Every structure is written in structure tokens, then in C-alpha cells.
Amino acid sequence: MVLDVALRRVTRVFDGVPAISQVSLDVTRGERIWLRGSNGSGKSTLLQVVATALSPTFGGGEVLGFDVVGERQEVRARTELLGHQSRLYRELTAAENLEFSCRLYGADPSRIGPALARVGLDEVAQVRTGRFSQGMRQRLALARCLVRDPQLLLLDEPYAGLDVEARAVVDDLLDRAARHGRTVLLASHEEPPAGTVDRVVLMDAGRVAPVAEALR
Numbered sequence: 189m190v191l192d193v194a195l196r197r198v199t200r201v202f203d204g205v206p207a208i209s210q211v212s213l214d215v216t217r218g219e220r221i222w223l224r225g226s227n228g229s230g231k232s233t234l235l236q237v238v239a240t241a242l243s244p245t246f247g248g249g250e251v252l253g254f255d256v257v258g259e260r261q262e263v264r265a266r267t268e269l270l271g272h273q274s275r276l277y278r279e280l281t282a283a284e285n286l287e288f289s290c291r292l293y294g295a296d297p298s299r300i301g302p303a304l305a306r307v308g309l310d311e312v313a314q315v316r317t318g319r320f321s322q323g324m325r326q327r328l329a330l331a332r333c334l335v336r337d338p339q340l341l342l343l344d345e346p347y348a349g350l351d352v353e354a355r356a357v358v359d360d361l362l363d364r365a366a367r368h369g370r371t372v373l374l375a376s377h378e379e380p381p382a383g384t385v386d387r388v389v390l391m392d393a394g395r396v397a398p399v400a401e402a403l404r
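All the letters of the sequence shown, read from the start, carry residue numbers 189 to 404 under our numbering.
Mixed in with the good hints, there may be bad ones.
Claimed, not checked - Pairwise CB distance ranges, derived in the manner of DEER restraints:
| no. | residue 1 | residue 2 | range |
| --- | --- | --- | --- |
| 1 | Gly301 | Asp392 | 39 to 49 Å |
| 2 | Val257 | Ala397 | 22 to 32 Å |
| 3 | Arg266 | Arg196 | 18 to 28 Å |
It is worth saying that the hints were derived from the structure and are not from the lab.
Just so we're clear, the structure is a prediction, and the values are computed from it rather than from any experiment.
By construction, the Cβ of each residue, glycine as well, lies at the ideal position given by its N, Cα and C atoms.
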């Protein structure tokens, strides 16, 4: 069994208050996890630690076989976080943002056109992202996920603010992950479509529930 995520007693503190506390979590390769919990339960912080956007205050672990503190660039090269911040460059066009991501992570640039078409942005590919609405930026962030096809996909409330068509792209990402044996951590208030996740991990007050709920 290969673990793509192996966290041990991870705590992240902000201004003296732990956002997550003593979190230990194992995720096997190809497993799709639904992180479930209320606002403030620590889901977003946990995803940011896994993505190495945040370092643990205490504890540690490995993601895709790399240390979450000492080998952050190796983790980031193989991981994509779709969160509340789209992480796009406003002065670049939609296509240029994806081209930059391809150069940075070695993704195939031939995927850019189909990805933009899939999220409904092909007609604005040469428009600067600074002119986009929030919904359009979220669509472009989804396109970046399609282009990169990362080993580990981290989705933080991916359905928020999306219309029916864009929500279908999120479902496609989950389906594609299953077909390609990718690992997924999905934090969402909404229950994902049947068959798109394998296991539920409950979070409450910054801690992981002792027993995870398996989906059948």
C-alpha cells in the first residue's frame, strides 16, 4: 500500500489559536476522500498544509513521498490546490495563465485549448484575467486542474459560486481522477455525486474524527 498523504500529529496555530490540532491522516494512492465538517472545522487549513501553502506549527508528514516542510517544491510540482484564491495573474490572459502553469510544472500545452473549451472560456482565451468575473476566474482555475492533471488534487469548496455547467466540470475532475488513479481530497459542505468519493473523513473543531466513514 502506497500512501500519498501521511500526516502525523499536525497542528497549525494562528495567533495562538490552533486551526487544526493533532491531525493524523493516511490517504492511499488513488483514494478519493471527502473532508466533511462545518465552517471553522479546519478543512481548508488541512488542505493548505497538504499543499505546502502552510507549514505545520507542530508535527509533520509526507505528501507523495516528500516531506511537507523540507521538500515543498517537490510536493507543489505534483499537487494542485483549487481553493478560495484562484492564484491567477490578472495581467495575463486566460491562455497565458495556463501557458505559465505548463512551463512551471512541465504540463503539456496542447491541453490548454481543450481545457478552455471545456470550461466555456475558449472565446475569451486572449482576454486578461483582470477583466474576469469571480465565476470566470473559478472556471479558469478549473481549467488549470484539467491541464496539469496532478497526482494529488485538492479541492476546497469547489462547487461554491458555480453554475450548473461549471459544477459539471468539477464532477468531471473527480471522474477523471478515478479513471487515472489520481488521489483526491475534497472539502465540501455539499455531498458529492454518488460514486465520486471512496471515504468520508469527518472534521470537528480542528480535529479528525477517530473513525472515518466508508462510502458504499
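Right, here's what the structure says about each hint:
For Gly301 and Asp392, the Cβ-Cβ distance of about 44 Å falls inside the hinted range of 39 to 49 Å, so the restraint holds. A hinted range of 22 to 32 Å holds for the C-beta pair Val257 and Ala397, which are about 26 Å apart. The supplied range of 18 to 28 Å is met by Arg266 and Arg196, whose beta-carbon atoms lie about 20 Å from each other.
When the structure is compared with the earlier hints, no violation turns up for any of them.
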